[in-house]
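There are 2 protein chains.
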Amino acid sequence: MKAISSSCIHHHLPVAHHRRTNQTFIIRGFQEVATLPKQQSASSRLSQSFSNLLRLHVDTPPRTDFQSSTGISLIDEKHSTPTCSPKEDISNKWSEIHGSCDWDNLLDPLQPWLRREIVKYGEFAQATYDAFDFDSFSEYCGSCRYNQHKLFKELGLEKNGYMVSKYIYAMSHIDVPQWLERSHLLDTWSKDSNWMGYVAVSDDQESRRIGRRDIVVSWRGTVAPSEWYEDFQRKLEPVGSGEAKVEHGFLSIYTSKRESSRYNKSSASDQVMKEVTRLVQLYKQRGEQVSLTITGHSLGGALALLNAYEAATSLPGLPISVISFGAPRVGNIAFRDELHQLGVKTLRVVVKQDMVPRMPGLVFNERLQKFDDITGTLKWVYTHVGAELKLDVQSSPYLKRGFNLPGFHSLETYLHLIDGFHSKTSTFREGARRDIALVNKACDMLVDELRIPHAWYQFANKGLVRNAHGRWVKQVRDPEDIPSPARETHHQAFSVEMLATDEGLALTLC
Amino acid sequence: MKAISSSCIHHHLPVAHHRRTNQTFIIRGFQEVATLPKQQSASSRLSQSFSNLLRLHVDTPPRTDFQSSTGISLIDEKHSTPTCSPKEDISNKWSEIHGSCDWDNLLDPLQPWLRREIVKYGEFAQATYDAFDFDSFSEYCGSCRYNQHKLFKELGLEKNGYMVSKYIYAMSHIDVPQWLERSHLLDTWSKDSNWMGYVAVSDDQESRRIGRRDIVVSWRGTVAPSEWYEDFQRKLEPVGSGEAKVEHGFLSIYTSKRESSRYNKSSASDQVMKEVTRLVQLYKQRGEQVSLTITGHSLGGALALLNAYEAATSLPGLPISVISFGAPRVGNIAFRDELHQLGVKTLRVVVKQDMVPRMPGLVFNERLQKFDDITGTLKWVYTHVGAELKLDVQSSPYLKRGFNLPGFHSLETYLHLIDGFHSKTSTFREGARRDIALVNKACDMLVDELRIPHAWYQFANKGLVRNAHGRWVKQVRDPEDIPSPARETHHQAFSVEMLATDEGLALTLC
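Going down the list, the protein sequences come from chains G and C. Residue numbers for the first sequence follow the UniProt record's numbering, so the first one is 1 and each next one is one higher. Residue numbers for the second sequence follow the UniProt record's numbering, so the first one is 1 and each next one is one higher.
Incorrect hints may appear among the rest.
[Stated by the list, open to error] What follows is a set of in silico ranges between Cβ atoms, one per label pair, in the way DEER data are often shown:
| id | chain 1 | residue 1 | chain 2 | residue 2 | range |
| --- | --- | --- | --- | --- | --- |
| 1 | G | Ala455 | C | Thr277 | 23 to 33 Å |
| 2 | G | Gly156 | C | Lys159 | 30 to 40 Å |
| 3 | G | Lys191 | C | Lys191 | 47 to 57 Å |
| 4 | G | Glu259 | C | Pro82 | 28 to 38 Å |
| 5 | G | His469 | C | Thr425 | 27 to 37 Å |
[Claimed, not checked] Here are the simulated lysine to any residue pairs, SDA-like style, with alpha carbons at most 20 Å apart:
| id | chain 1 | residue 1 | chain 2 | residue 2 |
| --- | --- | --- | --- | --- |
| 6 | C | Lys87 | C | Gly211 |
| 7 | G | Lys153 | C | Glu154 |
| 8 | G | Lys462 | C | Gly211 |
| 9 | C | Lys474 | G | Glu480 |
| 10 | C | Lys462 | C | Arg477 |
| 11 | C | Lys352 | C | Leu110 |
| 12 | G | Lys462 | C | Ala455 |
Since the hints were made in silico from the structure, they are not lab data. Using N, Cα and C, we set each Cβ at its ideal position, and we do this for glycine too.
Could you build all of it, start to finish, from the sequences and the hints given here?
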């Protein structure tokens, strides 16, 4: 059956031309088919799905016009394949996936069930960009464009089976290199805060599939250039009671608050810890296994580590892992060691060509450890934390070869490369299903043959709409999407009241 | 009544802060109100409209938050005013409007009824940009995005009371400086032609209002930089039987054809003359007064002149006028003189700061005429034609003051300045109603206080849409909007058959 499926499927799947090696290879949409017998033993429901897929595609009439002259051909054909694999039951693997064994022997080759989870968390991080209001002419610049109940629906992420329970806002002391997205207008939703991420929790069905109630914190990063991170190298600041030190700027964003602020009367740290604590108590009271997974890209990855450090300190015994993408270094070696002792598991996904993970500490970093005698206690040397999954832009035949810093750092590039990663020595995974067009959302990384415009993620007419009088005006934001601390507090209070009942579960989240 | 209306209206109309003179002045949406008594005598229907408008606005409750700190304030208020004035009956002025007296004494001050007609023709020219497919990743790059029956509806131009009767396509000899918009793809709707404009005709109601059946030819220009025009200065070519010479490149685009071409088996010249001749015969047979008005911006203005020259030669007695915007010079003095003798009336609208009207012939132009002895017969010297309406970017308080070549040349800048022009010595017209946001469609000319993003005329996600499988793909063009010479010829043949009947009138156009 394997042989049949392979030959039938390849007939109508796109053929890609590898530009560098000049070899033609098949881009298969269904790697899983080849592993069908193994999957069957794991879950009969799953194998049923595969059979359906298989039948569907064997039925497709063969095409004769396979190869066009554009190099990567018949890419249109791939347009009718699903963008992700069917979800399998991974409840018996959750602890491994969550890093209980530091992802030893899971990363090379990368286990398919782990890959899909990493992509899931990456999509949670990507959501913080996709929904962020970057429009400096908008009075809501720096906020989330949708309220928390609509976020996943608007972004097509309902498939992941999580619900947003709280938005996080952050500000910073004024001495932090400029990171706040600000409106040009004077009358805005907030003068000093930005939407910085959210807390979400797995629903019943997803919790059953993944073996525990998973609380996710997703931190927004920044699209700032790598020089921006170098500016952060200026000042390490103590955290906790020991020798641990972290970068002052990251800590400032995580901990700053101001009484006069509309959204940061409490800090991002206070907001997130209060909500995570509430959810942990809620589900523990219900006798459930609970985990905390913190994710973020770039600056968001740095905040994820600070958040994990605090959560591990104040919620001992809770399994905590961080899955970060293109994150800079955050603290010194003592910080790393404390995180390790606290049991925080960190998986850092890094693209080899991306500069940001080398910041801060391009020169003074953990590699100097061998010069311990010279550098002394290394209290001031930045270091990375945890396991690393290293990706290579050159592994993908879909990506341009030129030097492209924003492209290398883009989270969508990361997600594409994860999707295509099998092992360090193998070529781009033939069964990669993630929509390749997403890579060019905000950069210019895809080869021209794919015909995907660069930086295509944009609003019609930059958000202007023609009103009844024929005038082009800013589209008015749906009132329920206008940020309002009062409403958000009200929801919070309401959901706390509803904790006790079973029916209240959904209500605690909406 | 005048006093009442003024004070009431000013209360709720936006107050603009003139940046250069530091004076605050009122931007009135209703200049016409002040001239009400005069307008009343001209048309009782019109004065009724004004009364309605007046009542509407006197009823508006007064606002107290007039002045914000942004300089130009309460611009939102203006969003609920109409974008154009009510249409008045100008049937007794049509000949003057069409240039019978070379627009003597009509341009300074500019007569309101003439201004509105100039804007109308300018919008016909603007339509050729707004509907043009510039997407080099599209297989339809270089075509019109809509079929001729939908064009005006899609662009909100139905209000003008015209119907498109034919699309014009053009190609050129290969030695013309590159102007063709081409797809990156190999399999495209046309290898060698671009949509270059259209022929339209006034409907019955508009014909009654403007005093004749008006046939319009609108020629698309180019967004090429001014250097592009300088390249055209290379070669003058004879046209007609006399001394007249015109720029080789313009003539090439106007007259080129090729048997192997899909859209230019006949030249743009052949296409347009065949259609214009057909329409003139049709309406003359019906005993109607007919006029031909040819419009275009930039390169389109140059083609308009060539078209007018040919039409005047082959359709003697037909009133022909050209209204061009930011057009370069086209031919020599003999060409100008012949146009004059043929009775072609030309109104050139020019922005003082725009470089393109100075091309080709930045050095050798009609100003050298006084050096006739030196330059001889001036056969090779480029010259402008007809009456000039000169506009000044500095007259508008809404426009940025910086040097901005694309902005100065943009047709939307022209239309904004015409709308605000009263006379050479007066400030920007207080009653200008045209939507200011349009200026920034494709450039960055508006002052920041207006909060209009620059270059905002764009598609959502650059035309990508999410398909049923969750993949982002090029939106498939509506089959009826896919260019097809066969269908267009069929429509043409059908409409010729229907000439005779009264009911056939609409059918000849659809």
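Taken at face value, is the distance from the CA of Glu480(G) to the CA of Lys474(C) at most 20 Å?
Roughly 32 Å between the alpha carbons, so the hint for Lys474(C) and Glu480(G) is violated.
Is Lys87(C) within 20 Å of Gly211(C), Cα to Cα?
holds, 13 Å
Can the suggested window of 30 to 40 Å be confirmed for the beta-carbon pair Gly156(G) and Lys159(C)?
Check passed, 38 Å falls within 30 to 40 Å.
Assess, step by step, whether the Cα of Lys352(C) is no farther than 20 Å from the Cα of Leu110(C), and give holds or violated.
holds, 17 Å
Quick one, are Lys462(C) and Arg477(C) close enough, alpha carbons at most 20 Å?
holds, 14 Å
Could you tell me whether the CB distance from Lys191(G) to Lys191(C) stays inside 47 to 57 Å?
holds, 56 Å
Do the alpha carbons of Lys462(G) and Gly211(C) lie within 20 Å of each other, as the hint requires?
violated, 41 Å
Would you say the C-beta atoms of Glu259(G) and Pro82(C) sit inside 28 to 38 Å of each other?
violated, 48 Å
With the threshold set at 20 Å, check whether the alpha-carbon distance from Lys153(G) to Glu154(C) stays at or below it.
Not OK: Lys153(G) and Glu154(C) at ~30 Å, beyond 20 Å, violated.
Measure nothing beyond the straight line between the CA atoms of Lys462(G) and Ala455(C); if it is 20 Å or shorter, mark the hint as holding.
Within the cut-off at roughly 9 Å; holds.
Please check whether His469(G) and Thr425(C) have a Cβ separation lying inside 27 to 37 Å.
holds, 31 Å
Return holds or violated for the Cβ distance of Ala455(G) and Thr277(C) against the range 23 to 33 Å.
Violated, since Ala455(G) and Thr277(C) (Cβ atoms, about 47 Å apart) do not stay within the stated range.
The structure fails hints 1, 4, 7, 8, 9 (numbered hints given earlier, in ascending order).
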